[in-house]
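Asker: Sequence:
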Amino acid sequence: MSRRCDTHAHRWTFTSCGLNQAVNLLAGVSNVPGGSIAEVARLGGFRFLAALGLATRQSSLVNLPSTPGVPFPFNLNFNENLQLRDLPALVTTVPGAQAIDVVLDHTQWVTQAANPVSYAPFIRKQPLAGHAPKPVIMQFAKGDNTVPNPTTSAILLAGGLADRATYYRNDLAYQANPAVGKNPHVFLTNVGSQPLWATRWRRSDESRLSSPAAG
2 MSRRCDTHAH
12 RWTFTSCGLN
22 QAVNLLAGVS
32 NVPGGSIAEV
42 ARLGGFRFLA
52 ALGLATRQSS
62 LVNLPSTPGV
72 PFPFNLNFNE
82 NLQLRDLPAL
92 VTTVPGAQAI
102 DVVLDHTQWV
112 TQAANPVSYA
122 PFIRKQPLAG
132 HAPKPVIMQF
142 AKGDNTVPNP
152 TTSAILLAGG
162 LADRATYYRN
172 DLAYQANPAV
182 GKNPHVFLTN
192 VGSQPLWATR
202 WRRSDESRLS
212 SPAAG
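Under my numbering, the final residue of the sequence shown carries the number 216; numbering is consecutive throughout.
No lab work stands behind these hints: they were computed from the structure.
Be aware that a few hints might be false.
[Claimed, not checked] Calculated cross-link-like contacts (lysine to any residue; reagent style SDA-like; alpha-carbon spacing at most 25 Å):
no., residue 1, residue 2
1, 143, 100
2, 183, 85
3, 126, 23
4, 135, 28
5, 126, 109
6, 143, 127
7, 143, 129
8, 143, 49
9, 143, 84
10, 135, 151
11, 183, 168
12, 183, 109
13, 143, 23
14, 183, 68
15, 143, 128
16, 143, 173
17, 143, 157
18, 143, 99
19, 183, 46
20, 126, 94
21, 143, 98
22, 143, 119
23, 135, 169
24, 183, 154
25, 143, 133
26, 135, 146
27, 183, 169
28, 126, 167
29, 126, 114
[Claimed, not checked] Quick list of the computed label-pair ranges, beta carbon to beta carbon:
no., residue 1, residue 2, range
30, 87, 113, 14 to 24 Å
31, 180, 147, 17 to 27 Å
32, 27, 59, 43 to 53 Å
33, 184, 102, 24 to 34 Å
Backbone N, C-alpha and C define an ideal beta-carbon position, used for all residues, glycine too.
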């Protein structure tokens with residue numbers, strides 16, 4: 002987290018949605034935020050954690066064989082047969098998928114208090130009492146394997162923040178310089194392998210937040 006202060010306001014680069022509750026934070030940049038932790042795990046590089054949760058239930062809900070030669074729990078696999086948002090409905094034909102989907106749904110509901118999607122409307126669309134709508138930039142990166150793009154877009158939809166989103170094209174950066182890596186989750190802070198991009202984005206953030214159109 003980085004901070005830039007002046008005599009009139011505090012502006013932050015952040016990964017949570019605390020902006021909607023802190024009176025002294027007048028603007029913010031949310032860098033690679035994600036929604037439900039269950040969805041972050043299910044759709045991204047931590048999928049094995051979702052599989053572990055299913056495997057340790059009584060009885061196990063894992064419905065696919067483990068990957069041979071891979072250590073536990075990274076060898077665990079499951080097929081939940083769920084489509085992404087706005088895609089046509091699926092008929093559940095995969096054995097065991099329906100039971101998995103029920104657990105995933107319940108997990109999302111019981112973790113809503115810790116889900117940034119729940120708080121996104123209060124940043125600008127429906128501010129809490131005593132708060133004004135706040136200028137904000139929501140940054141996400143194409144192909145983020147740590148916080149998958151659908152979990153970020155859930156925040157944008159809930160908060161009406163699509164017009165405040167910036168989309169980092171890591172695929173193009175990787176073509177220009179493979180040293181940046183294929184997972185762009187740390188593109189803003191990765192000053193080691195991609196200092197030029199990180200510096201440009203930081204300066205761009207400051208410029209956008211200072212603009213009268215930032216809100």
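Asker: All hints are to be evaluated individually against the structure, with a verdict given for each.
Answerer: So, going through the hints one by one against the coordinates:
1. 143 <-> 100: This hinted pair is violated, its Cα atoms lying about 31 Å apart.
2. 183 <-> 85: holds, 22 Å
3. 126 <-> 23: holds, 16 Å
4. 135 <-> 28: With Cα atoms ~6 Å apart, residue 135 and residue 28 stay inside 25 Å; holds.
5. 126 <-> 109: holds, 23 Å
6. 143 <-> 127: violated, 28 Å
7. 143 <-> 129: violated, 31 Å
8. 143 <-> 49: Cα-Cα ~22 Å, so holds.
9. 143 <-> 84: holds, 19 Å
10. 135 <-> 151: At roughly 24 Å apart (the allowed maximum being 25 Å), residue 151 and residue 135 satisfy the hint.
11. 183 <-> 168: Roughly 15 Å between the alpha carbons, so the hint for residue 183 and residue 168 holds.
12. 183 <-> 109: violated, 28 Å
13. 143 <-> 23: violated, 30 Å
14. 183 <-> 68: With a Cα-Cα distance of about 23 Å, the restraint between residue 183 and residue 68 holds, given a limit of 25 Å.
15. 143 <-> 128: violated, 29 Å
16. 143 <-> 173: Holds, at roughly 10 Å.
17. 143 <-> 157: holds, 15 Å
18. 143 <-> 99: violated, 30 Å
19. 183 <-> 46: holds, 12 Å
20. 126 <-> 94: Roughly 40 Å separates the two Cα atoms, so the pair is violated.
21. 143 <-> 98: violated, 28 Å
22. 143 <-> 119: holds, 23 Å
23. 135 <-> 169: holds, 22 Å
24. 183 <-> 154: Distance of about 20 Å is within 25 Å: holds.
25. 143 <-> 133: violated, 31 Å
26. 135 <-> 146: violated, 29 Å
27. 183 <-> 169: holds, 12 Å
28. 126 <-> 167: Given pair residue 126, residue 167 holds - Cα atoms ~18 Å apart, limit 25 Å.
29. 126 <-> 114: holds, 19 Å
30. 87 <-> 113: 14 to 24 Å: holds, 21 Å
31. 180 <-> 147: 17 to 27 Å: holds, 18 Å
32. 27 <-> 59: 43 to 53 Å: With a Cβ separation near 50 Å, residue 27 and residue 59 satisfy 43 to 53 Å, so the hint holds.
33. 184 <-> 102: 24 to 34 Å: Holds, since residue 184 and residue 102 (Cβ atoms, about 27 Å apart) stay within the stated range.
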